[in-house]
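**Q** Chains A and B are the protein sequences, given in the same order. Every letter in the first sequence is one number past the one before it in our numbering, and letter 2, counting from 1, is 41. Every letter in the second sequence is one number past the one before it in our numbering, and letter 230, counting from 1, is 398.
Hints in this document: simulated from the structure, not taken from any laboratory. A few of these clues could be false.
Incomplete in silico selection of chain B near chain A, CB under 8 Å [as the list claims (entries may be wrong)]:
1. Tyr-706
2. Asn-708
3. Gln-709
4. Asp-852
5. Gly-858
6. Gly-918
7. Thr-922
Everything numeric in this text was worked out from a predicted model, so none of it was measured. No residue lacks a Cβ here, since even glycine has one placed at the ideal position from N, Cα and C.
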Amino acid sequence: MTQQISFILDGRVHQLGFEPGSPYTPITTVLQYLRSLPNHKGVKEGCAEGDCGACTVVLAEPSADGKLNYKAVNSCLLFLPKLHGKQLITVENLQDAQGTLHPVQQYVADSNGAQCGFCTPGIVMSLFGHYKTDLSAEREEIEDTLSGNLCRCTGYQPIFDAALKALDERKEDRFSQEEQDVAAQLKTISQSGVRIETTTHYYSFPASLQEAFTEMEAHPGALLLSGATDVALKVTKQHQQLPEIIDLSLVPELKKIETTGDMLRIGGGVSVNEVLEAAQKPFPALYKIAKRFGSKQIRHLATVGGNLAGASPIGDLTPVLMALKARVRVMRAKEQRTMALDDFITGYRQTALQEGELLTHIEIPFLSEQIKIGAYKISKRRDLDIATVSAAFRLEFGAGKQISEANLVYGGMAAMTKHARQAEDFLQGKEWNRTHAEAAARLIRDEFEPISDARSGADFRRIVAGNLLIRFWADDAGTK
Amino acid sequence: MSSKTIHQSAYKHVSGASVYVDDIPVHNQLLHGYVLYSPHAHAAIRSLKTEKAANMPGVAAVLSAKDIPGINQMGPIVHDEPCLAEDEVHFVGQAICLIAAETEERARQAAATIEIDFEELPAVLSLKQAMAVQSLMGPERKIERGQVQQALKEAPLRLNGSFESGAQEHWYLETQTALCLPGEDREYMVYSSTQHPSETQAVVSEVLGIPRHAVTVEIRRMGGAFGGKETQANHVAAWAALLSNATRRPVKLRLFRDDDQIMTGKRHPFYIRYEVGFDEQGRILALDVEQNANGGSATDLSFAILERAMFHADNAYYIPNMRVIGRVWKTNLPSNTAFRGFGGPQGIVAMENIIDRIARQLSLDPLEVRRINFYDMYKRDTTHYGQKIKQNHLPAMYKQLTASADYFERRKLVEAFNTQHEFVKRGLACTPVKFGISFTTAFLNQAGALVHVYQDGTVQVNHGGTEMGQGLHTKMRQIAAAELGVDQDRILITPTNTSKVPNTSATAASTGSDLNGMAVKNAVDKLKFRMAYQVTEYFNQMDEQNYTLSKHIMFKNNKVFDATNPDRTISFEKAAQICYFNQIPLSATGFYKTPDIYFDRETGQGTPFHYFAYGMAVSEVEIDLLTGQHTLLRTDILHDVGDSVNPDLDIGQIQGAFVQGAGWCTMEECKWDESGHLLTHSPDTYKIPGIHDIPRDFRVQLLQKAPNEGTIRQSKAVGEPPFMHGLSVWFAIKDAISSIDGHKREPELGFPATNEAIVMAAKQFLD
Ligand SMILES: Cc1cc2nc3c(=O)[nH]c(=O)nc-3n(C[C@H](O)[C@H](O)[C@H](O)COP(=O)(O)OP(=O)(O)OC[C@H]3O[C@@H](n4cnc5c(N)ncnc54)[C@H](O)[C@@H]3O)c2cc1C
Ligand code: FES
Ligand code: FES
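Sequences and hints are given; from them, build the entire structure.
**A** Shown next as structure tokens:
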């Protein structure tokens with residue numbers, strides 16, 4: 040058991056305790072920490088809520104093959120303990136010892152990709168994160184990489200041009216040379232048993248499911264977190280203290296993705312980015328929605344478990360997973376139960392989870408050919424925006440052309456993710472054609488009573504909810 | 169002039185080494201400032217109890233209006249904006265108390281203990297409500313030419329209507345920040361993220377009740393500003409200074425993003441009514457326009473903004489009989505303020521919609537109606553306020569852009585696409601801009617510079633302009649280097665500082681390079697004159713045979729030489745040393761004022777602008793009628809920057825301004841609830857364009873061979889004019905919707921054209 044966290048920064052292992060008198064607490068964010076240091080002021084705060092990317096840093100962690108995985112993340116959403124066992128790379132670290140700029144820096148500068156420069160460190164770090172993967176340098180991929188970085192000055196075109204050049208000519212950089220050493224160093228940092236207890240806070244990292252349950256029993260009031268993309272806002276926006284935290288992000292059992300016979304099992308701690316990769320082939324609709332989830336940085340942090348357990352009516356994964364008839368496995372010390380996702384979500388930000396229970400994984404049954412699935416997200420901005428309305432559809436066909444079962448699931452239309460029951464009933468036994476789609480769309484518009492808020496008016500929600508079913512029909516029928 | 173020069177801070181920006189106000193190292197006596205603001209749109213303050221907060225450990229000061237040693241005012245022109253609310257609050261977000269504490273967290277906790285007893289009062293929360301209750305901010309303004317009523321009556325065709333455009337949040341990446349350090353006696357050093365250091369200095373000195381000479385304001389760079397730091401940065405600086413004054417300690421005040429969005433003003437929403445008369449070809453004969461601006465709770469720059477909207481009510485079109493009436497209305501919202509374009513976009517978008525409506529009524533391509541209404545170079549060349557338009561590039565640009573963007577061919581393709589598609593439609597639009605350059609308050613058109621040459625041949629250049637990303641310092645460095653004939657790396661541009669160049673104007677109205685460039689040149693000219701004289705003497709003493717004339721001395725390639733006798737060449741540093749030993753000052757101030765501009769507000773006539781900048785944009789969009797999502801397929805821009813000092817920086821301004829303008833037109837929406845609370849107070853709900861929202865194909869060209877007369881290196885201002893190109897996106901979306909029934913009916917498309925607005929507008933046609 041250790042009271043301190045260890046991570047690599049500026050080429051050496053830092054140990055950070057949280058002794059009395061320390062300026063840091065376990066809920067200090069990495070952004071606050073870096074900005075308190077004299078030599079890391081390049082990391083900027085633009086919003087403190089994950090929505091601008093100015094605070095982007097890259098975390099490197101050892102992968103199975105002895106190398107490192109590099110991920111761009113929002114340092115404003117990262118509690119300090121989450122650095123444990125990782126290498127933290129900031130914009131100040133990219134130049135080599137001779138002061139030569141990293142290619143991503145060089146190209147951004149030379150293409151005039153920086154005007155006021157305030158967004159630039161974050162942009163550079165997102166591009167660096169991309170540089171260190173084998174993702175392609177296609178337009179879509181670059182836009183994906185920069186989906187979480189706002190720039191108010193340049194109009195992005197010069198940044199895009201710079202990215203294209205830098206990523207197209209990827210070669211070894213100083214990080215490639217140091218990779219093995221850093222990976223080896225990180226391996227020496229114990230991944231287990233970190234527990235930080237200060238006069239004001241308790242923060243622990245269980246290293247197994249078993250340990251997690253023991254912790255939960257010992258600290259019944261503790262807040263669980265995985266990616267903390269939801270939880271961190273309680274601190275950065277609402278200034279709450281969160282005295283007790285159990286961080287599930289180092290529990291290996293929660294991070295597995297497995298294919299077992301007729302289904303895909305995804306651990307509760309799997310990040311949305313990994314879901315996206317796993318879903319691409321078997322579940323294109325889930326892939327499509329995961330691609331529109333937050334930003335690249337958010338997807339690196341956010342987990343399936345956090346998304347479902349958060350039970351937000353505008354959470355992105357719930358509707359599509361409901362349409363896929365996903366089941367949820369929840370567990371406490373010795374018991375476990377599996378339920379349909381429909382039964383797991385019980386109300387506005389409410390779930391069937393009971394005290395002491397965890398969401399360990401979800402199971403998504405593979406689809407037969409008689410099933411059509413579609414999923415849509417309506418948001419004001421394409422990237423990094425919460426859904427105004429989302430919808431996921433599942434139509435099952437029997438032997439004939441008739442729909443044997445319809446599932447039409449909506450987010451953003453009620454206090455919780457909800458089926459359009461009347462329209463579902465209407466479609467049952469009908470043929471899937473334009474007339475029926477339009478008639479069902481009218482029913483959908485009538486059966487919900489959405490609210491007007493900052494994102495849109497109620498009328499738009501109602502209309503577009505119906506339209507989405509027509510869009511599904513049109514996509515399916517190839518009508519443009 | 170146009171050798172490739174990247175932004176002078178580019179390498180620092182990409183390596184995180186650029187220093188912004190919040191990055192300045194301060195010793196451990198720093199205190200953190202915090203502002204407690206009004207939770208009500210309009211209320212009387214019955215009582216205010218701050219004792220608990222003041223007694224909390226770690227709290228160094230809690231201030232309210234009664235603690236202000238100077239005057240409780242920060243209105244830049246009209247003194248109607250209290251620094252801290254006294255007995256009444258006028259908008260949600262109005263500052264009431266200031267707190268300085270050891271940490272931000274402690275300051276926030278202290279603020280939570282302050283007890284204020286409010287009595288809520290009725291509030292005016294929208295422009296329409298303000299108009300209904302006649303809540304005028306000041307007298308109405310008028311510009312008139314010809315016989316509008318008569319011409320309207322006689323016009324073969326008429327249309328009337330209204331146009332509403334919304335607020336826009338600046339969303340500079342760096343929120344408002346100031347750091348104040350107390351000095352000896354009552355001197356203060358204020359580092360402020362401000363576009364207008366001299367005014368920041370003035371406001372700080374006024375609230376502290378000390379003379380201006382005791383306050384120095386400095387800014388190296390801002391993390392974006394866009395007009396939002398022209399007056400409202402003063403507030404944050406004044407608050408930091410008050411706390412520093414009360415505690416005698418350094419105080420930093422950095423607004424949290426949500427607070428910044430809640431407390432500061434935005435682009436003025438406008439409600440414009442009009443009646444237009446035209447003939448069968450679409451030629452406009454008469455236009456009567458009434459512009460109403462939502463000023464918010466205080467005057468700020470509202471009348472100057474209104475004035476610019478009125479000057480741009482014609483956009484690029486000659487309108488023989490025209491009347492513009494302008495009013496600013498007072499509401500219980502934060503005082504709206506400068507934002508790139510400064511009223512211009514609001515005036516222009518309404519005019520463009522008038523054109524668009526005329527075209528639809530006549531079943532013409534809107535571009536044709538635009539073309540026949542353009543100002544020309546013969547008779548139709550005087551604006552409604554009497555300024556003659558010289559060097560009109562509109563007709564030439566129209567030819568060049570319609571060809572390079574393949575407008576007419578693509579118009580056919582778009583129509584073909586639309587007949588083949590039911591649920592997705594494409595739209596195409598070309599919009600022009602003519603934008604007047606100068607502060608319309610004539611005396612503001614002045615600038616100063618201070619240039620020092622050192623004996624090693626290096627040079628320091630100071631000028632009154634501020635750097636907010638636009639590359640002003642880069643251009644000033646290029647200009648100084650070119651004028652002095654030395655390499656750019658010899659020139660250092662120092663932070664803008666009120667003790668170096670006093671009494672400056674804001675870096676605003678796109679005038680930064682024009683004014684400061686001339687001032688820098690003026691200082692350099694003085695130095696060169698002195699140096700040339702000394703070098704002449706030097707040459708002639710060395711060798712009395714061939715007499716060198718001072719006027720033949722040239723400065724080039726780090727050398728000073730006699731152009732008629734290249735044997736007589738010395739290095740630039742040698743020239744500096746000669747001056748030094750001859751006891752000649754190597755420091756000079758420069759000054760510039762724009763000549764021949766004036767405007768008579770009584771008659772509404774004059775020549776308020778030094779010149780006009782022109783541009784034109786073509787955008788093509790695809791919209792999904794079912795979901796309202798739009799994709800910007802391609803944008804072509806042709807823009808006039810005269811003879812560019814730095815084409816890359818200018819293109820950067822154009823691209824950035826376009827995307828910001830497109831944001832205003834398509835997704836940026838400020839919403840308030842029924843009690844005046846901003847709903848869109850963070851980037852969670854206030855959406856500015858992201859990388860996916862830019863044109864899939866984005867082509868920007870500068871107009872070539874178009875030197876501007878009488879400006880620095882024959883260049884033109886570029887900051888604001890290209891913002892207007894964003895309008896082409898809104899009109900392209902409208903075109904796409906209008907195609908649903910063959911352009912017969914006028915779509916009622918909201919502004920901005922969000923997915924909601926698009927679906928609602930499409931619904932009119934589909935139901
Ligand atoms: C900038 C930004 C953008 C966002 N964009 C989107 C978006 O586009 N779509 C979307 O749906 N959401 C979005 N979110 C919300 C959030 O990222 C997601 O809901 C995310 O999936 C939460 O996962 P997490 O691991 O970060 O959850 P955490 O914050 O760690 O936890 C959230 C909740 O779930 C509980 N929890 C976590 N793991 C478990 C578990 N295994 N078992 C039981 N309970 C658990 C926690 O106790 C907590 O109550 C966004 C958030 C931010 C800050
Ligand atoms: S500060 Fe904006 S995303 Fe972190
Ligand atoms: S360069 Fe200013 S925000 Fe990107």
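**Q** Hint by hint, which ones does the structure fall short of?
**A** Hints 1, 2, 3, 6 contradicted; others consistent.
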